[in-house]
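**Q** Chain by chain, the residues run as shown.
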Amino acid sequence: DGGITQSPKYLFRKEGQNVTLSCEQNLNHDAMYWYRQDPGQGLRLIYYSQIVNDFQKGDIAEGYSVSREKKESFPLTVTSAQKNPTAFYLCASRRGLAGGRITGELFFGEGSRLTVL
Amino acid sequence: AQTVTQSQPEMSVQEAETVTLSCTYDTSESDYYLFWYKQPPSRQMILVIRQEAYKQQNATENRFSVNFQKAAKSFSLKISDSQLGDAAMYFCAYRSGFNSNSGYALNFGKGTSLLVTP
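Line order of the protein sequences matches chains A and B.
All residue numbers for the first sequence refer to this note's numbering, where the first residue is 1 and numbers rise by one.
All residue numbers for the second sequence refer to this note's numbering, where the first residue is 1001 and numbers rise by one.
Incorrect hints may appear among the rest.
Stated by the list, open to error - Cross-link-like lysine to aspartate or glutamate pairs, in silico, DMTMM-like; alpha carbons within 20 Å at most:
1) B:K1078 x B:E1010
2) B:K1110 x A:D38
3) B:K1110 x A:E110
4) B:K1078 x B:E1015
5) A:K9 x A:D38
6) B:K1110 x B:D1086
7) A:K9 x A:E72
8) B:K1110 x A:E105
9) B:K1070 x B:E1052
10) B:K1078 x B:E1017
11) B:K1055 x B:E1029
12) A:K83 x A:D59
13) B:K1110 x A:D59
14) B:K1110 x B:D1026
15) B:K1055 x A:E105
Source of the hints: derived by calculation from the structure; they are not laboratory data.
Please construct the entire structure, taking both the sequences and the accompanying hints into account.
**A** This is the structure:
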């Protein structure tokens, strides 16, 4: 079955360490996204990528980095510069153009919970 | 940037009853999409329903329906015959139709936690 796989599901990190969250999709979707979820805050956009080898900052990109070397993969690195990294992270993907319109909704992975000790 | 407001942090409904979750949004665009997503305790985001702004007819998916009032910029979700499995966080989301500056990402509200009581 097609879908989005995020790993690890739970991750613990010491302060000052970088950590990379994996996101892989086999839906053949062009666009991929990373969101951060905090209690009472909804989902906030960190980074997005519409095609391979291209990505753009979202609303809260500071302290994060991404790469998009393959269509299927969009890993997120939480760097030591991120001041409050403890959160739930969601990866999503979307189909490309269909008849000139972007009609597709986002499909989400199951998320990764990062805790900084 | 478009803002999405969900004014009800928590709602409660009895099994088999009907509940309506509110959502308003702010935009100057005429072409856009609106979504309701459900996030159960597993935290998997599940699409409940989608509405295209150019369609006047309200979307319906089984027990879920929306009341889309474009002029009022309101997009409420009605859940009929509520079931215990409907208990979840519900998020309203907005997305531009054309020429998005954010890669057609969804812009989410802060969510409404729905409790279903037997």
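**Q** Identify every previously stated hint that the structure contradicts and give their numbers, smallest first.
**A** none
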